[in-house]
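Visitor: Protein chains in written order, with my numbering: chain G, 1 to 204; chain D, 1001 to 1410.
Quick caveat, the hints were computed from the structure, so don't treat them as lab data.
Certain hints may be false.
Stated by the list, open to error - Some but not every residue of chain G turned toward chain D, in silico, with C-beta under 8 angstroms: (1) 29; (2) 31; (3) 47; (4) 64; (5) 70; (6) 71; (7) 74; (8) 80; (9) 81; (10) 87; (11) 91; (12) 93; (13) 161.
Said to hold, decoys possible - Here are the computed distance ranges between Cβ atoms for each label pair: (14) 75/G - 1055/D: 33 to 41 angstroms; (15) 94/G - 1002/D: 40 to 48 angstroms; (16) 94/G - 1363/D: 54 to 62 angstroms; (17) 83/G - 1014/D: 31 to 39 angstroms; (18) 47/G - 1404/D: 29 to 37 angstroms; (19) 33/G - 1312/D: 56 to 64 angstroms; (20) 94/G - 1133/D: 49 to 57 angstroms.
Every residue gets a Cβ at the ideal spot worked out from N, C-alpha and C, and that includes glycine.
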Amino acid sequence: MAAQAPERHLVGRVLRASTTGFDCGTRSSKIDEKHTFGSFVKVAITDDQSICAIGLIYAIRIDDDALARELVMASAVDNIAMIDQRENRMVPVEICVINIGYKYHGQMVQSMPPRPPLSLSEVELCTAEEVFDFTQHFDFFRLVLGAKEVPSDELIAAALNYAAGAYDSDTDKYDFKVECGRRLAVMLSNDLKRLTHVLALIRP
Amino acid sequence: MSLEFNKVLEQVQTMGRYLKHKGDSASNRLQRAVEMFLACTELDPVHERIDLVRKSSVSGYRGAAPTPRPYDEIICGVGEAPIPPQQATLIAADGSQIFPDVHAPALYYLLNIGVYTYYHGQQQRLPSQFTSPDLVYSDTQLLDRDGRLVTNQTVNARRSLAEMQALARSAWEQRGEARPMIALHDGGLLKFFGGAEIEGAESIERDYMDALGKLQDTSTVLAGYLDVPRSTYIISLLHLLSLEPHQINDAVLKTNGEFEGLNDAMLLNQVLEAGERSAVMTQNSPQNKEYRDRKGADFEIAFFYINVSVEGRSVIVRVDIPMWVARDKDAIAALHALILAQCAIQGRKRYPYALTRADELAYVSSIEKQQLEEMIRINMRAQDLEPESSSKLQSKSLARGDRTVHRLRR
Chain G
1 MAAQAPERHL VGRVLRASTT GFDCGTRSSK IDEKHTFGSF VKVAITDDQS ICAIGLIYAI
61 RIDDDALARE LVMASAVDNI AMIDQRENRM VPVEICVINI GYKYHGQMVQ SMPPRPPLSL
121 SEVELCTAEE VFDFTQHFDF FRLVLGAKEV PSDELIAAAL NYAAGAYDSD TDKYDFKVEC
181 GRRLAVMLSN DLKRLTHVLA LIRP
Chain D
1001 MSLEFNKVLE QVQTMGRYLK HKGDSASNRL QRAVEMFLAC TELDPVHERI DLVRKSSVSG
1061 YRGAAPTPRP YDEIICGVGE APIPPQQATL IAADGSQIFP DVHAPALYYL LNIGVYTYYH
1121 GQQQRLPSQF TSPDLVYSDT QLLDRDGRLV TNQTVNARRS LAEMQALARS AWEQRGEARP
1181 MIALHDGGLL KFFGGAEIEG AESIERDYMD ALGKLQDTST VLAGYLDVPR STYIISLLHL
1241 LSLEPHQIND AVLKTNGEFE GLNDAMLLNQ VLEAGERSAV MTQNSPQNKE YRDRKGADFE
1301 IAFFYINVSV EGRSVIVRVD IPMWVARDKD AIAALHALIL AQCAIQGRKR YPYALTRADE
1361 LAYVSSIEKQ QLEEMIRINM RAQDLEPESS SKLQSKSLAR GDRTVHRLRR
């Protein structure tokens, strides 16, 4: 009997990209728990899927337009217009991702990917195994904490809370967070206010 | 060089003063028109006067007339906002086009029709929508009988026809849906397809009338919606009523006399409260007579106005309906109520939501036009054809193009 392929969780498709990160889009009707701030996502950067960029969702944007603004101004939002807005009108949800590493023939590397993904490449959630493998090292902390234009403190905390879900037992989760706290304490030793804030966010 | 605003500023200021003066001078005449309108409480004198201009040698009267008895309504009468039906099906159609352009890679034009159906009262039901683009490139449709490129008026006429045919088709396909079934068309229903500049005007007119016939066959409540009506039908009627019988002749009816410069919306602004509608009337015109003569009395076009505002400044719109709808009081009440319900969806913008969405579906943006022409170029090259290139257009786009900002990139 053939092994069952792992379930794929499509987040969206790449709209624009660089080596530092990428934006992907999906329809507003498709937005769900896969689109969570701090989630680990991956996207293939080669045709044979042997290299995947790995990133963190750091922003989710839903653009408006003049019609949406007018609908909001109505005294009561019409339910049919609301489902029409969400299902029929192609209101895109944009998900912004910062690259924190890549998977190279199964090996996790915590550095910028060698090249960006191409437009319309499928962006998927990382599996629990991939998140577990990736978080065995902590070099990606520096990429996140040093990133401009992202809420880096909240992002690292959200990512670590998300990653803790990939650890089986409560003890493993606790140990993972404690180890993360130690690494953060080293990196943010010159900024105690910031350290205190991040530690509070990931406190087990 | 772009528009030099310092040079146009003074002209804009003068324009503002002119418009203010025009408004001031109209206010006294408007007051008189309102008084006269409110005095039109009897229908018999109006019918008599209309009979006079229809039966005599006078042919220049283009104003309003009461609908035939017993469906006629008192001219100054108003209808309050009715309660909408529990359920209804609203189909809206709109179209847009890319006109033929000698500077395009190949000669073509495009019609894109958007049809949107809103299921009123079915709160969880997703509205349906579809578009039907029609790329026209064959010489038989692109060139007129003299071998010249068809005019933009021809393309517009074909688009109007396609809109009405799409409404008729959709009404037929959805004939099992909730009633009343309202078909909303963006614009008036009386179309003028005549004139030398429209190629195949006769067949367009015939097909248009056939589409109206199909809508009647499905018992559809057809309505043409005019957002900013500038019509002067009622004003012309008031002018006609202000004349003594011996004064009535074509020369006098060419203008609206003391009411010249006023329009129906200005008048009804003073009369209709929020949500109210005017009386249903018809327009006295050779075109409307032709509609009646061609297909029968059911196809004469009537109209009424609605103040679609909720509060504050009035928003007067005109609704055209065929006589088969005008005779049905329940259909008019449902149409009136559903138009108000549709206008309420968009808050401040008092316009039917279904028509907004049909327009959105049909609209072809300039970017989409560029993409379409790129597809045409690629396909022509695949057929070893060289797309036509216009030096004029290319040099214009170079000069009009965006500037690139210098940025340091990571």
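Visitor: Work down the list of hints and note, for each, if the structure agrees.
Guide: Hint check results:
Restraint check, residue 29/G versus chain D: the minimum CB separation of about 10 angstroms is more than 8 angstroms; hint violated. Annotation: residue 31/G was flagged as interfacial toward chain D, and the flag is violated, the nearest CB pair being 17 angstroms apart, outside 8 angstroms. Proximity of residue 47/G to chain D is violated relative to the hint, the smallest CB-CB distance being about 24 angstroms (cut-off 8 angstroms). Given hint, residue 64/G at the interface with chain D, is violated; its Cβ is 14 angstroms from that chain's nearest Cβ, farther than 8 angstroms.
For residue 70/G, the suggested interface contact is upheld, since its CB lies about 4 angstroms from the closest CB of chain D, less than 8 angstroms. Checking residue 71/G against chain D: minimum C-beta separation of about 6 angstroms stays under 8 angstroms; hint holds. This hint holds: residue 74/G has a C-beta 4 angstroms from the nearest C-beta of chain D, less than the 8 angstroms allowed. The restraint placing residue 80/G at the interface with chain D holds, with a minimum CB-CB distance near 6 angstroms, inside the 8 angstroms limit.
For the restraint placing residue 81/G at the interface with chain D, the shortest Cβ-Cβ distance is roughly 5 angstroms, inside the 8 angstroms limit, so the hint holds. Satisfaction of the interface hint for residue 87/G is found here, the shortest Cβ-Cβ separation to chain D being roughly 5 angstroms, below the 8 angstroms cut-off. Violation of the interface hint for residue 91/G is found here, the shortest Cβ-Cβ separation to chain D being roughly 12 angstroms, above the 8 angstroms cut-off. Against a cut-off of 8 angstroms between C-beta atoms, the interface hint on residue 93/G is violated, since the closest Cβ of chain D lies about 19 angstroms away.
Restraint check, residue 161/G versus chain D: the minimum CB separation of about 29 angstroms is more than 8 angstroms; hint violated. Distance hint for residue 75/G and residue 1055/D: a CB-CB separation of about 51 angstroms, inconsistent with the stated range 33 to 41 angstroms. The hinted window of 40 to 48 angstroms between residue 94/G and residue 1002/D is violated, with their beta carbons roughly 33 angstroms apart. Remark: the range hint 54 to 62 angstroms for residue 94/G to residue 1363/D is contradicted by a beta-carbon distance near 23 angstroms.
For residue 83/G paired with residue 1014/D, a C-beta distance near 50 angstroms fails the hint of 31 to 39 angstroms. Hint check: residue 47/G to residue 1404/D, Cβ distance near 32 angstroms, so the stated range 29 to 37 angstroms holds. Taking the beta carbon of each, residue 33/G and residue 1312/D are about 44 angstroms apart, not inside 56 to 64 angstroms as hinted. Between residue 94/G and residue 1133/D the beta carbon distance is about 28 angstroms. The supplied range of 49 to 57 angstroms is therefore violated.
The earlier numbered hints that this structure contradicts are 1, 2, 3, 4, 11, 12, 13, 14, 15, 16, 17, 19, 20.
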